[in-house]
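Trainee: Listed below are the residues making up each chain.
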Amino acid sequence: MSREESLVTVQWVEDNLDTDGVVLIEVDEDTTSYDKGHIRNAIKLDWTTDLQDQVRRDFVSKAQFEALLSERGVSNDDTVVLYGGNNNWFAAYAYWYFKLYGHQSVKLMDGGRKKWELDSRELTDELPTRTRTSYTATEQDHSIRAFRDEAVAAIGVSNLIDVRSPDEYAGRLLAPAHLPQEQSQRAGHMPTSLNVPWSKNANDDGTFKSDEDLKALYAEVGIDDSKDTIALCRIGERSSITWFVLKELLGHQNVKNYDGSWTEYGSLVGVPIALGDEPGEA
Amino acid sequence: MCGATEGGLSLDGVNVAKEAVIQGQVTRGGEPVGSAYVRLLDGTGEFTAEVPTSATGHFRFFAGEGEWTLRTLAPRTEPVDTRVRAAVGSVAEVAVAI
Numbered sequence: 001m002s003r004e005e006s007l008v009t010v011q012w013v014e015d016n017l018d019t020d021g022v023v024l025i026e027v028d029e030d031t032t033s034y035d036k037g038h039i040r041n042a043i044k045l046d047w048t049t050d051l052q053d054q055v056r057r058d059f060v061s062k063a064q065f066e067a068l069l070s071e072r073g074v075s076n077d078d079t080v081v082l083y084g085g086n087n088n089w090f091a092a093y094a095y096w097y098f099k100l101y102g103h104q105s106v107k108l109m110d111g112g113r114k115k116w117e118l119d120s121r122e123l124t125d126e127l128p129t130r131t132r133t134s135y136t137a138t139e140q141d142h143s144i145r146a147f148r149d150e151a152v153a154a155i156g157v158s159n160l161i162d163v164r165s166p167d168e169y170a171g172r173l174l175a176p177a178h179l180p181q182e183q184s185q186r187a188g189h190m191p192t193s194l195n196v197p198w199s200k201n202a203n204d205d206g207t208f209k210s211d212e213d214l215k216a217l218y219a220e221v222g223i224d225d226s227k228d229t230i231a232l233c234r235i236g237e238r239s240s241i242t243w244f245v246l247k248e249l250l251g252h253q254n255v256k257n258y259d260g261s262w263t264e265y266g267s268l269v270g271v272p273i274a275l276g277d278e279p280g281e282a
Numbered sequence: 283m284c285g286a287t288e289g290g291l292s293l294d295g296v297n298v299a300k301e302a303v304i305q306g307q308v309t310r311g312g313e314p315v316g317s318a319y320v321r322l323l324d325g326t327g328e329f330t331a332e333v334p335t336s337a338t339g340h341f342r343f344f345a346g347e348g349e350w351t352l353r354t355l356a357p358r359t360e361p362v363d364t365r366v367r368a369a370v371g372s373v374a375e376v377a378v379a380i
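Top to bottom, those sequences are chains P and A. Take the first sequence: its position 51, counting from 1, is numbered 51 in our numbering, and each next residue is one higher. Heads up: take any position in the second sequence, counting from 1, add 282, and you land on our numbering.
These are calculated hints, taken from the structure and not from any lab test. Source: prediction; values computed, not measured. Virtual Cβ for every residue (Gly too), placed ideally from N, Cα, C. Hints may be right or wrong, so weigh each one.
[What the hints assert, rightly or not] Okay, the calculated bits of chain P under chain A, using three or more residues with CB under 8 Å as the criterion: (1) 83-93; (2) 116-130; (3) 165-173; (4) 196-210.
[As the list claims (entries may be wrong)] Below, simulated EDC-like cross-link-like pairs (lysine to aspartate or glutamate); rule was C-alpha separation at most 16 Å, straight line: (5) LYS36(P) - GLU126(P); (6) LYS200(P) - GLU212(P); (7) LYS62(P) - ASP141(P); (8) LYS300(A) - GLU182(P); (9) LYS300(A) - GLU347(A); (10) LYS36(P) - ASP125(P); (11) LYS200(P) - GLU328(A); (12) LYS115(P) - GLU360(A); (13) LYS44(P) - GLU71(P).
Between the sequences and the hints, there should be enough to build the whole structure, so can you do that?
Mentor: Here is the structure:
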């Protein structure tokens, strides 16, 4: 993959609002954001209800994903363009999710909703209508999704990239600071994981830094290209940004997102935890 | 502590005793700015969180003890940085004029 294949600018989106075969989808952490105003012709996916099983902690099944996209009027041949608030955290999560279920053409709008708003571009509350389709997903591609046991086994072996803020990594905070801090899991990070906050990938306006800057960033922190890489954060959405950068923009092989992330790892019995700003020993 | 500071965000449902709250309002010419983004940067300048302001220009963070910087972004405005100190058990109210 490359920047040209996986990323579009806000101007490209504005120029293609009525283009057949392009489906614009908003995905936000604040799931009411779309309802207060969205880009014209964009549809909404709610990450808490549309993309999560409503009983156990996991994603919706292949059949449920097929039913969801069919009902929302998304075709297998459509180019899906995702955007959202919070610097595209949940849009990147949805991008990774679409890839997990084998959608061919997916793109992220660079800068997300924030860039669109800071440019004073138009938002609407009109809801688009789309004709129902018959969507077919593939089985989940587990070459891009890491599970608990694989994450634990990666300590001291693979590149573990913890993309949370330095205070969360060190154990001084338990969640991003726009959320209450009272949480059930332990604080800290996986030993040997490197702290590369997701925000180092982006400019203040939410757009990604240049490929050259991103390459320099990951070279500087000492990512070993010969090893597999697992990205994690708290629940797997910020790490989707870093997965996107490493896999889709920079073309690294064998990069996985650990969506269980710290809310799972920090609740496991008996696993090692490192506190403080240093990665710690395996 | 219960209830909100006059003119500020309601603290109903927030356990202030366990949180280091930073909150406030973004205004331009005395009017609330509902289209701004407020970033919370730690003592080294690293991003910790970001929220869009509400329709009334309000924002809130649950930070940790220490010094923080609020960086406010809004259309047609240069970013504005505001320093703030947070402490568990208290609410730091910040007025940001852009």
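Trainee: Give a verdict on every hint.
Mentor: Now the hints, each set against the structure:
1. 83-93: holds (count 3)
2. 116-130: With 4 residues close enough to chain A, the hint holds.
3. 165-173: Holds, because 5 residues of the segment 165-173 of chain P bring their Cβ atoms closer than 8 Å to Cβ atoms of chain A.
4. 196-210: Holds: 4 residues of the segment 196-210 of chain P have a Cβ under 8 Å from chain A.
5. LYS36(P) - GLU126(P): holds (10 Å)
6. LYS200(P) - GLU212(P): holds (13 Å)
7. LYS62(P) - ASP141(P): Holds, because 11 Å separates the two Cα atoms, which is no more than 16 Å.
8. LYS300(A) - GLU182(P): holds (8 Å)
9. LYS300(A) - GLU347(A): holds (11 Å)
10. LYS36(P) - ASP125(P): The hint holds at about 7 Å.
11. LYS200(P) - GLU328(A): Given pair LYS200(P), GLU328(A) holds - Cα atoms ~8 Å apart, limit 16 Å.
12. LYS115(P) - GLU360(A): At roughly 14 Å apart (the allowed maximum being 16 Å), GLU360(A) and LYS115(P) satisfy the hint.
13. LYS44(P) - GLU71(P): It holds: about 12 Å lies between the C-alpha atoms, which stays within 16 Å.
Hint compliance for this structure: no hint is broken.
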